[in-house]
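Enquirer: This is what each chain is made of:
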Amino acid sequence: MRVSFEVNGHEVTADNVWPGESLLYVLRERLGLPGSKNACEQGECGSCTVYLDGVTVCSCLVAAGQAQGRAVRTVEGLAESGDLAERRLSPVQEAFVEAGAVQCGFCTPGLLVQTDDLIERTVGQGGGVPDEAEIREHLAGNLCRCTGYEKIIDAVRLAAERTAAQRDGGGPA
Amino acid sequence: MNPFDYRRAEDAAGAVATVAADPRAMFLGGGTNLVDHLKLGIVDPDLLVDVTRLLPDGVEPLPDGGVRIGAGMRNSDLAADPLIRRRYPVLSQALLSGASGQLRNAATTGGNLLQRTRCVYFQDVTMACNKRRPGSGCSAFGGYTRYHAILGASEHCIATHPSDMAVALSALDATVVVQGTDGERRVAMTELHRLPGDAPERDTVLRHGDLITAVELPDLPFAARSRYRKVRDRASYAFALVSVAAAVDLSDGVIREARIALGGVAHKPWRATRAEAELRGARPTEETLRAAAEAELAEARPVEGNEFKPTLARNTLVATLRDLVEEERTR
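Residue numbers (UniProt numbering), protein chains in the order written: chain A, 1 to 173; chain B, 1 to 331.
Hints listed in this document are in silico derivations from the structure and should not be mistaken for laboratory results. Where hints are given, some of them may not hold.
[Claimed, not checked] Just a few of them, taken from the derived set where beta-carbon distance is under 10 Å, the chain A residues facing chain B: (1) N16; (2) E29; (3) L31; (4) G32; (5) L33; (6) E44; (7) C48; (8) L52; (9) V62; (10) A63; (11) Q66; (12) G141; (13) L143; (14) C146.
These numbers were taken from a predicted model, which means no experiment stands behind them. Idealized CB from N, CA, C, for every residue including glycine.
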């Protein structure tokens, strides 16, 4: 079957898609977007997290046909677009690098998308910087087997604080 | 995974007719359980009929004071709905205690009700399981039974229903609206799921091709102070060892009505009618609450490996009721 949808602002079409394929498979194997990771493929680890119509989902559990006509945003869509040389990491991505929140990196794309969502839903809606309990609950569906999560929490807090500072007129912190 | 077809349904009647006519066709909702089962080989359909775009996905007030929840409404949207949070907080709390943010964003109300057990032997196609392959035996006895039933089980199956939402809906006396080939009918939430008996392969009373289109909640003013308490092996993103959904109508120091359901203990959300009967008309002393919990768990039959659950269920029930009574007194 043919599946057409929007990915990171661009209309895409995949042909000869088998109904048993997941959205994750279509993104990675047919559309050349391998940022979303296929770790557990059971919806337990969150490594495949993408935005689907503005909310985060496990793309491994979305049947390919269900993406028809919808808008997907992947980890590749978080960085500011532009020529490759001019491309800038998003504040969340920068914070993960600076805080040392990345070890093997396999869970990182999912964590970045889910963190982006948390910051959008809190600081982005005029709210405060989420506390540790809120951060942990929002990221409960993203498993990391390397870090022990401490540096990830630091990174999320750092990204949220910077986004709040920028929002409140201080410019980039 | 064997090949199958995928079709997006245009209307409920057409979807019902299509699935009813094909024993190997299945409805597809949010996919969080079914897509997983396709990969694990637990189900083997020849056709998936996607109903997510035709089902209602909002909450609307009903003329009789109740509310109707569309079966296509996402768990996260239902949990965040202002009307639900204000009038039926137990439902919102139950939803938020289940799964992860990503899964709640995809899972639908109807699909949540029809999700299958998380019994590890049901999910492992190399193991005997009467629910997955009738007559093959039950591998859970003598196995890993931490999440298994202590009430209403049978020698054929000790699996539990995993939904938190369904426990709250049972306590709230919800009604499930079902579209079948003969038209629409209504099923009490407490009657939707079955006890296993000698046919554990049947989770519910629905017939093949029946489509859940909505869930209705009655007008229940005292549910505005209701609670869901869930005990699990980690602080988040785990199924219930035991959970309690409860609402108590307390006036002049006497319990007029109580609505209680337990999760994690049976093949269906376990409506605690014995505890409710003990509480009706009684003063909410520690002894009364304890007696109600004792009455409900009197028939509990743990198996090797989950002997802790009757005590855990009693204590969780008492703690939930105590919190509700305290909340009533101090408001």
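Enquirer: Classify the hint on E29(A) as holds or violated, based on whether any CB of chain B lies nearer than 10 Å to its CB.
Expert: This hint is violated: E29(A) lies away from chain B, its Cβ roughly 15 Å from the closest one there, beyond 10 Å.
Enquirer: Measuring from the C-beta of N16(A) to each C-beta in chain B, is the shortest one below 10 Å?
Expert: violated (13 Å)
Enquirer: For the restraint on C146(A), tell me whether the closest CB of chain B is nearer than 10 Å.
Expert: Violated - the Cβ of C146(A) stays beyond 10 Å from chain B, reaching only about 18 Å at its closest.
Enquirer: For the hint on L33(A), just tell me whether its beta-carbon gets within less than 10 Å of chain B.
Expert: Not OK, violated: L33(A) not within 10 Å of chain B, min 18 Å.
Enquirer: Grab the minimum C-beta distance from C48(A) to chain B and call the hint holds if it beats 10 Å, violated otherwise.
Expert: Given a least distance of 9 Å, the restraint on C48(A) holds.
Enquirer: Can you verify the interface hint for G141(A): is its Cβ closer than 10 Å to any Cβ in chain B?
Expert: holds (2 Å)
Enquirer: With a cut-off of 10 Å, does the beta carbon of L31(A) approach a beta carbon of chain B closely enough for the hint to hold?
Expert: Cβ of L31(A) sits 19 Å from chain B, so the hint is violated.
Enquirer: Given L52(A) was flagged as interface, is its beta-carbon under 10 Å from a beta-carbon of chain B?
Expert: Interface hint status for L52(A): holds (8 Å vs cutoff 10 Å).
Enquirer: Tell me if the interface restraint on Q66(A) is satisfied: Cβ within less than 10 Å of some Cβ in chain B.
Expert: holds (6 Å)
Enquirer: Min Cβ distance, L143(A) to chain B: is it shorter than 10 Å?
Expert: With a minimum Cβ separation of about 9 Å from chain B (threshold 10 Å), the hint on L143(A) holds.
Enquirer: Given G32(A) as an interface hint, is the shortest Cβ-Cβ distance to chain B below 10 Å?
Expert: violated (23 Å)
Enquirer: Going by Cβ atoms only, is E44(A) closer than 10 Å to chain B?
Expert: With a minimum Cβ separation of about 8 Å from chain B (threshold 10 Å), the hint on E44(A) holds.
Hints 1, 2, 3, 4, 5 and 14, counting from the list given before, are not met by this structure.
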